[in-house]
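**Q** As you go down the protein sequences, you meet chains A and B in turn. Going by this note's numbering, the first sequence opens with residue 1, and the numbers climb by one from there. Going by this note's numbering, the second sequence opens with residue 1001, and the numbers climb by one from there.
These are computed hints drawn from the structure, not numbers from a lab. Some clues are possibly wrong.
What the hints assert, rightly or not - With a straight-line cut-off of 30 Å between C-alpha atoms, the simulated BS3-like cross-links for lysine-lysine are:
(1) B:1423 / A:442
(2) B:1478 / A:434
(3) B:1434 / A:593
(4) A:585 / B:1527
(5) A:493 / A:407
(6) B:1585 / A:492
(7) A:442 / B:1492
(8) A:232 / A:333
(9) B:1232 / B:1442
(10) B:1368 / B:1379
(11) B:1442 / A:593
(12) A:442 / B:1449
(13) B:1527 / A:493
(14) A:442 / B:1333
(15) A:423 / B:1449
(16) A:434 / B:1449
(17) B:1585 / A:434
(18) A:449 / B:1232
(19) A:423 / B:1527
(20) B:1423 / A:434
(21) A:236 / A:423
(22) A:434 / A:449
(23) B:1492 / B:1379
(24) B:1478 / A:593
(25) B:1585 / A:585
(26) A:593 / B:1527
(27) B:1333 / B:1289
(28) B:1368 / A:492
(29) A:492 / B:1449
(30) A:493 / B:1593
(31) B:1527 / B:1232
(32) A:449 / B:1478
(33) B:1379 / A:434
(34) A:585 / B:1593
(35) B:1434 / A:423
(36) B:1434 / A:478
(37) B:1289 / A:442
(38) A:379 / A:333
Number of protein chains: 2
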Amino acid sequence: METKAQVLYDFTAEPGNNELSVREGETITLTNQNVGGGWIEAKNSRGEVGLVPEDYIEIKQAQPFTSGGNAASLDLSLFDSHIPAPASTAQVDVAQPETPVTPVTPGFSPTSHDETSNGNDPWAVFDNNASGGVSNNWAAQPEGTETGKTSSNAWHSGGHVHPQAYQGAGAEDDEWDEEWDDVKSSGGYAESEAGEGGAINRGGAHGSSMKIALNKFPGFSKSGPELYLLSKQPAKGTKLPVYGGEVGPVWAYPDYQLDCVVADPKKGSKMYGLKSYIEYQVTPTTTNKPVNHRYKHFDWLYERLLDKFGSAIPIPCLPDKQVTGRFEEEFIKMRMERLQGWMSRMCRHPVISSSEVFQLFLSYKDEKDWKTGKRKAEKDETVGVMIFSTIEPEGLPDLDLTEVEQKCEQFNRFTRAMDDGVKDLLTVGNEHWKRCTGPLPKEYQRIGKAFQNLSSVFTSSGYEGEAALTDALTAAGKTYEDIAQMVAEQPKKDLHFLMETNNEYKGLLGCFPDTIGVHKAAIEKVKEGDKLVATGKITTSEKTAMSKRASTMSYALQAEMNHFHSNRIYDYNRVMQQYLEQQVKFYEMIAEKLRNAHSQFTTM
Amino acid sequence: METKAQVLYDFTAEPGNNELSVREGETITLTNQNVGGGWIEAKNSRGEVGLVPEDYIEIKQAQPFTSGGNAASLDLSLFDSHIPAPASTAQVDVAQPETPVTPVTPGFSPTSHDETSNGNDPWAVFDNNASGGVSNNWAAQPEGTETGKTSSNAWHSGGHVHPQAYQGAGAEDDEWDEEWDDVKSSGGYAESEAGEGGAINRGGAHGSSMKIALNKFPGFSKSGPELYLLSKQPAKGTKLPVYGGEVGPVWAYPDYQLDCVVADPKKGSKMYGLKSYIEYQVTPTTTNKPVNHRYKHFDWLYERLLDKFGSAIPIPCLPDKQVTGRFEEEFIKMRMERLQGWMSRMCRHPVISSSEVFQLFLSYKDEKDWKTGKRKAEKDETVGVMIFSTIEPEGLPDLDLTEVEQKCEQFNRFTRAMDDGVKDLLTVGNEHWKRCTGPLPKEYQRIGKAFQNLSSVFTSSGYEGEAALTDALTAAGKTYEDIAQMVAEQPKKDLHFLMETNNEYKGLLGCFPDTIGVHKAAIEKVKEGDKLVATGKITTSEKTAMSKRASTMSYALQAEMNHFHSNRIYDYNRVMQQYLEQQVKFYEMIAEKLRNAHSQFTTM
């Protein structure tokens, strides 16, 4: 029976890639669902057949939870209008194909990054005075929202199915585990296609902001930072001290820099091979004991970190929202490389790396240990803005609101500017990549051929003593053919890392608007202090507490920025050195080859 | 009063060069005739203004010699159809604008090379069985055409005005001298535009065959080689021995290799600056005494060499038929460089360099000496095929017709193949030139800018200890901007000479079809020997003489080919070494610059 599918987003085929252009709303017939690499072969109404990114289509089948899906989209409709529509749609549809119990995984959208890179600027949030929006919400705000638990739920009203799903029975859990891990054996969601989404331009990815938006906004626009600013309950969980360092407020850094190795991806399968998945081996440098994790575990960790630290610490999206190889092996290799990058970045963060959930992920003893840890982490109440309640500025004076605001503004300006700079570099690098792998080598090859061609003409002259020249000329020709190949392969050796690093930073920077947004909202709240006291909404002591907590939030932000800066300096130093080193080698090798070619000509 | 002009050939404007596209037959208005470099500013009927190559238009003015011009085109109409029409038209029109007494200078066509490069293949001559054509002509041929003088005239029936013009009174001579030298002060013919013709693609030039065609064809298709094969008069002029060398038959080479330096172009002017011209200083390595020559003198020499040696030795066109700079200085420099190349090639040729007319050109004592020499050279009777009468194979056995034919075929194949090879290399080189001066440097510049841009963003972070990175990043950015410039300037340092040499060879190879054509015609003639005897057209002894002379012609051709080969090997060895040497330097310099940039990053 032939499977039909509905196109969710416009997709423009890249010439020569056997792709098929489709428009949103179009109905296509699936001709081959086992293409791999997140692609599916389909035929349109005009009978044209080609590859379409799996994420871009919705397979038409009876869905037990379709209504649930609709319910979800209704929820979404409650969101602030500035949440990119297609992305939120994606989030709903994405959950549907044959994964009934799959929780709505926010931001699991193939296009979310395209959206942002297509100018849907996360920064825009702050351009149309957030304060106004917040104070309006404030009026409608019921007094003293209770516990962190409530907040955690409120926090999730965008993807509220999520925690429940995790809190479901173990059996159920495993059930959807497999569904979710399913690789390519059906149109369902798979290891190898979440990351595709048909995105072509490498480094064009930008998956973060949407995800945080979905998590943050309900909290932000309704309960928001005041949840912490006015919280009465004592702080729960480990304290997060902030110290006065040379560069200003800093997190408490461990003596030993944690890191880990993500390696050895293995394809596992269950249910008689009907379902398969990729398992990565993660080995922390501390214990040096490898643990196995599937992609969904990384995603679970991401969810936990986002819930817990998201409003104080930008948590970059998992790589899968970003561009990857067209074929499965390539995809897996690339995803592993990027999971490694993501893990290393998390390891380098003093707060994250020392968190219980992260430690669990890196060094759980056995399946039971893992499951218990999971449950515990999912029940964690110190999430969202409540994380600030655990932050303790050590021996640092309270900051007045102007200082707090200045700092916040400064960070906003900087991250904004860097975001532009990084995107610019990615665009340029992208074009350079195309030229180095496209027209340039072709040209060197043609030069090489022209020399060799002339050489063989000369050989046909029948004139004596021709050999010396023709041999040298042929060698020169071959040299230019070699150079052509070197040119084509070079980007993988240098540009690749430059692009990957900037791509990582692009993702990281995409989180700042949300993180900084929480701070801006808090500042606005404190500013309204007097008014709120006057209208009897809060007491004077609550007002004082608010500004003290805003100061604490500011220290957290400053510590985080200083962490960002020191990492940035380290990363760019490293990647630029690596790039230039490879470039030097490249040009030296060419010079060397040409010197050899030159030496073969006899001086006369 | 505004000057109108008629467009002679289609011209497509190059974008960004302030040029104006015009179509053949279109009437344009000249808005500025003093643009220089062979360009004229004009306005079309739609009021669009831009530059048009002067050679492409005919200024509408009453022409005393218009009828003469028509007469000329009538003469041309007698030619074989495969002479490119526009070129011949050009040749006629070209003579017209305000140079009433100017002789019809054959091949003075701006487009002749475009014609050939546009696929009007000189080789085509031999594809539609020349022999047939020749024997037909033969039937119509009056018996035993007489002296070399007659032949010389017959030889000239294409540009027959020419010799007479030269043989005119001294006063008249000077008269048109000035006209002809006239630079840019009017729409008339000028130093700086004969070479232009708006041809854009460097190395695309190919001016030779047309010129030889115009000179040779009447002789070729009517009197042709039989003029020599059946000549009864004793050979006149210096003997040209051919010896058996290691590589086969060779010319007699002088002990001392003649060469000369073309330098120091001076703009002279006469008639109160109304007329001006460029004078080049030519200094032979023998006497080391400089003599001055204007372009027209080079052209005169070319004409003489072509008349005298053209059917035995390929005489490449003067550079002016080839692409040159857009602006006058650039043009003059380029023309000088190419005149130098042309002269050096002539100097290297044992037969040409030792010829009386060439010696005169290089080392005339004074104006009087020069004029007398000119007259004498113009009266030379041993021209056209009669040159073969002076060739004397020294101690070489007569070749039978099969050998003769084989050799001829072999040379034809080779020169044909090399012509293709050279054109191919020129095309590739041309594209590479464009890339190196266009998109590639732009890209490196953008990379450089992106780095510097990121660096200045970083500087704005306000984070301490940023300087080390930002300085290094800025330096890296500047380095890529330097590289951009290096890339853009490199072609002038290496590709230029590779292109020039191949361009020279393209011109040289373009002469072979004509030269070889003479031999093919002779072979056909000898083949008809028996038939001709049978029909009583020739005697048996004449037939014997014919085949002996065909053998002599073959020795001449072989000597010439061997000369060509040895020069070719030398030239390509030299130019490839030069090219690769510069390329090595280029890549080493880039590597060096990048090494410096790399060293500025602090290892952490």
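**Q** Decide, hint by hint, whether the structure agrees.
**A** Do the hints match the structure? See the list:
1. With a C-alpha separation of about 18 Å, the suggested pair residue 1423 of chain B and residue 442 of chain A falls inside the 30 Å cut-off, and the hint holds.
2. A distance of roughly 23 Å separates the Cα atoms of residue 1478 of chain B and residue 434 of chain A; the hinted pair therefore holds under the 30 Å criterion.
3. Between residue 1434 of chain B and residue 593 of chain A the alpha-carbon distance is near 24 Å, which keeps this suggested pair within the 30 Å criterion.
4. At roughly 65 Å between alpha-carbon atoms, residue 585 of chain A and residue 1527 of chain B are farther apart than 30 Å, so this suggested pair is violated.
5. Taken as a hint, the residue 493 of chain A and residue 407 of chain A pair is broken in the structure, with Cα atoms around 39 Å apart against an allowance of 30 Å.
6. For the suggested pair residue 1585 of chain B and residue 492 of chain A, the alpha carbons sit about 26 Å apart, so the restraint of at most 30 Å is met.
7. Taking the CA atoms of residue 442 of chain A and residue 1492 of chain B, the gap is near 22 Å; set against the 30 Å cutoff, the hint holds.
8. Between residue 232 of chain A and residue 333 of chain A the CA atoms are separated by roughly 49 Å; this puts the pair beyond 30 Å, and the hint is violated.
9. Using a Cα cut-off of 30 Å, the hinted pair residue 1232 of chain B and residue 1442 of chain B is violated, with the two alpha carbons roughly 69 Å apart.
10. The hinted pair formed by residue 1368 of chain B and residue 1379 of chain B meets the criterion: a straight-line CA distance of about 17 Å does not exceed 30 Å.
11. Taking the CA atoms of residue 1442 of chain B and residue 593 of chain A, the gap is near 26 Å; set against the 30 Å cutoff, the hint holds.
12. As the CA atoms of residue 442 of chain A and residue 1449 of chain B are separated by approximately 27 Å, the hinted pair is consistent with the 30 Å bound.
13. With a C-alpha separation of about 67 Å, the suggested pair residue 1527 of chain B and residue 493 of chain A falls outside the 30 Å cut-off, and the hint is violated.
14. At roughly 34 Å between alpha-carbon atoms, residue 442 of chain A and residue 1333 of chain B are farther apart than 30 Å, so this suggested pair is violated.
15. Straight-line distance between C-alpha atoms of residue 423 of chain A and residue 1449 of chain B comes to about 13 Å, which keeps the hinted pair within the 30 Å bound.
16. A threshold of 30 Å between alpha carbons decides the hint, and for residue 434 of chain A with residue 1449 of chain B the separation of about 19 Å falls inside it, so the pair holds.
17. A C-alpha spacing of about 27 Å is found between residue 1585 of chain B and residue 434 of chain A, which places the hinted pair at or below 30 Å, so the restraint holds.
18. The suggested pairing of residue 449 of chain A with residue 1232 of chain B is violated, with an alpha-carbon distance near 52 Å, which exceeds 30 Å.
19. Proximity of residue 423 of chain A to residue 1527 of chain B is assessed by CA-CA distance (about 77 Å); at most 30 Å being required, the pair is judged violated.
20. Of the supplied pair hints, the one linking residue 1423 of chain B and residue 434 of chain A holds, its CA atoms being roughly 29 Å apart against a limit of 30 Å.
21. A threshold of 30 Å between alpha carbons decides the hint, and for residue 236 of chain A with residue 423 of chain A the separation of about 39 Å lies outside it, so the pair is violated.
22. As the CA atoms of residue 434 of chain A and residue 449 of chain A are separated by approximately 22 Å, the hinted pair is consistent with the 30 Å bound.
23. Proximity of residue 1492 of chain B to residue 1379 of chain B is assessed by CA-CA distance (about 44 Å); at most 30 Å being required, the pair is judged violated.
24. Proximity of residue 1478 of chain B to residue 593 of chain A is assessed by CA-CA distance (about 27 Å); at most 30 Å being required, the pair is judged to hold.
25. A C-alpha spacing of about 15 Å is found between residue 1585 of chain B and residue 585 of chain A, which places the hinted pair at or below 30 Å, so the restraint holds.
26. Among the hinted pairs, residue 593 of chain A with residue 1527 of chain B is inconsistent with the structure: their alpha-carbon atoms are about 54 Å apart, more than 30 Å.
27. Under the criterion of a C-alpha separation no larger than 30 Å, the hint pairing residue 1333 of chain B with residue 1289 of chain B is consistent with the structure, at around 22 Å.
28. A C-alpha spacing of about 73 Å is found between residue 1368 of chain B and residue 492 of chain A, which places the hinted pair above 30 Å, so the restraint is violated.
29. Proximity of residue 492 of chain A to residue 1449 of chain B is assessed by CA-CA distance (about 22 Å); at most 30 Å being required, the pair is judged to hold.
30. At most 30 Å may separate the alpha-carbon atoms for a hinted pair to count; residue 493 of chain A and residue 1593 of chain B meet this at roughly 19 Å.
31. The straight-line distance between the Cα atoms of residue 1527 of chain B and residue 1232 of chain B is roughly 20 Å, inside the 30 Å bound, and the hint therefore holds.
32. For the suggested pair residue 449 of chain A and residue 1478 of chain B, the alpha carbons sit about 35 Å apart, so the restraint of at most 30 Å is broken.
33. Proximity of residue 1379 of chain B to residue 434 of chain A is assessed by CA-CA distance (about 65 Å); at most 30 Å being required, the pair is judged violated.
34. Annotation: proposed proximity of residue 585 of chain A to residue 1593 of chain B holds, straight-line Cα distance about 12 Å (limit 30 Å).
35. Distance restraint check for residue 1434 of chain B and residue 423 of chain A: the Cα-Cα separation of roughly 29 Å lies within the 30 Å cut-off, and the hinted pair is therefore satisfied.
36. Note on residue 1434 of chain B and residue 478 of chain A: the hinted pairing holds, with a Cα-Cα distance of about 23 Å set against a maximum of 30 Å.
37. The suggested pairing of residue 1289 of chain B with residue 442 of chain A is violated, with an alpha-carbon distance near 51 Å, which exceeds 30 Å.
38. Our distance criterion of 30 Å between C-alpha atoms is broken by residue 379 of chain A and residue 333 of chain A, whose separation comes to about 34 Å.
Figure legend: structure checked against the earlier numbered hints; hints not met, in rising order: 4, 5, 8, 9, 13, 14, 18, 19, 21, 23, 26, 28, 32, 33, 37, 38.
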